[in-house]
Amino acid sequence: KAGVTQTPRYLIKTRGQQVTLSCSPISGHRSVSWYQQTPGQGLQFLFEYFSETQRNKGNFPGRFSGRQFSNSRSEMNVSTLELGDSALYLCASSPTAGSGQPQHFGDGTRLSIL
Amino acid sequence: KQEVTQIPAALSVPEGENLVLNCSFTDSAIYNLQWFRQDPGKGLTSLLLIQSSQREQTSGRLNASLDKSSGRSTLYIAASQPGDSATYLCAVSDDKIIFGKGTRLHILP
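Protein sequences appear in the order of chains A and B.
This note's numbering numbers the first residue of the first sequence as 1 and each following residue consecutively.
This note's numbering numbers the first residue of the second sequence as 1001 and each following residue consecutively.
Simulated from the structure, these hints should not be mistaken for lab results.
These numbers were taken from a predicted model, which means no experiment stands behind them.
A few of these clues could be false.
[Stated by the list, open to error] Derived SDA-like pairs: lysine to any residue, alpha-carbon spacing no greater than 20 angstroms straight-line: (1) B/LYS1096 - A/ARG9; (2) B/LYS1001 - A/PRO95; (3) B/LYS1001 - B/GLY1041; (4) B/LYS1042 - A/ASN56.
[Claimed, not checked] Residues from chain B shown here face chain A by an in silico Cβ test under 8 angstroms; the list is partial: (5) ASN1032; (6) LYS1042; (7) SER1046; (8) LEU1049; (9) LEU1089; (10) ASP1095; (11) LYS1096; (12) PHE1099; (13) LYS1101; (14) GLY1102.
Glycine included, each C-beta is placed from N, C-alpha and C at the ideal position.
Work out the full structure: start from the sequences and follow the hints.
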């Protein structure tokens, strides 16, 4: 069974641009969660999607948004990029919704803002 | 507000030793606690998940314990090997998943 796939693996952008990251969950998993990992703040929860609906949201500005498609694939968008958005963005999938579910992580997208 | 702390931030031990990693959390109202391993440049690999009603879980050389009343969990690694070198993170689940900042473990050959 294929694991969680995130594309692209690496991305370089400049301030003010926008970016879209993609996550394909494990087959049969319907919940997708997104996290931002930085050296200073560690891993922080961005949002969770289940059945194409945002189910939960962390404390990030509105520049961070996401969506989920009918096949459970998810995209995350960041607009008006700032230097502080440089981070590893991780996606995790689980069979159903809820933070009590075991999470299966992808290898992440490394985003660098110049 | 839930906070998760992992001490120490980094640890180096000789190969073959047993070791304990610590995790503490401030709010005992959790669904579960999970230990992960992260290798450089990679995502997280789940090691053990302890439900709130459980006291411990074991997988091979790994044993994780949970004491909700004191807000503590430990990850015990027996007979450490160089391949165990990685960052170990714990995470607690209430309505969200909150991670600690991890312990960077280096096993000296």
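Against the structure, the hints come out as follows:
Among the hinted pairs, B/LYS1096 with A/ARG9 is inconsistent with the structure: their alpha-carbon atoms are about 26 angstroms apart, more than 20 angstroms. A threshold of 20 angstroms between alpha carbons decides the hint, and for B/LYS1001 with A/PRO95 the separation of about 27 angstroms lies outside it, so the pair is violated. A C-alpha spacing of about 30 angstroms is found between B/LYS1001 and B/GLY1041, which places the hinted pair above 20 angstroms, so the restraint is violated. Between B/LYS1042 and A/ASN56, the direct Cα distance comes to roughly 25 angstroms. Violation of the 20 angstroms bound is thereby established for this hinted pair.
At about 6 angstroms, the closest approach between the beta carbon of B/ASN1032 and any beta carbon in chain A falls short of 8 angstroms, and the interface hint on this residue holds. The criterion of a C-beta within 8 angstroms of any C-beta in chain A is met by B/LYS1042, whose closest approach is roughly 5 angstroms, and the hint holds. Taking 8 angstroms as the C-beta contact cut-off toward chain A, the hint placing B/SER1046 at the interface holds, the least distance being around 6 angstroms. Checking B/LEU1049 against chain A by beta carbon gives a least distance of about 5 angstroms; that is within 8 angstroms, so the hint holds.
Evaluation of the B/LEU1089 hint against chain A yields a held restraint, the C-beta minimum of about 7 angstroms falling below 8 angstroms. Restraint check, B/ASP1095 versus chain A: the minimum CB separation of about 6 angstroms is within 8 angstroms; hint holds. About 5 angstroms separates the beta-carbon of B/LYS1096 from the nearest beta-carbon of chain A, less than 8 angstroms, and the hint is met. Taken as an interface hint, B/PHE1099 checks out: its beta carbon lies about 4 angstroms from the nearest beta carbon of chain A, inside 8 angstroms.
Here the hint on B/LYS1101 is kept, as its CB sits about 4 angstroms from the closest CB of chain A, short of 8 angstroms. Hint status for B/GLY1102 relative to chain A: holds, with the closest Cβ pair at about 7 angstroms, below 8 angstroms.
Of the hints listed earlier, those the structure fails to meet are numbers 1, 2, 3 and 4, in rising order.
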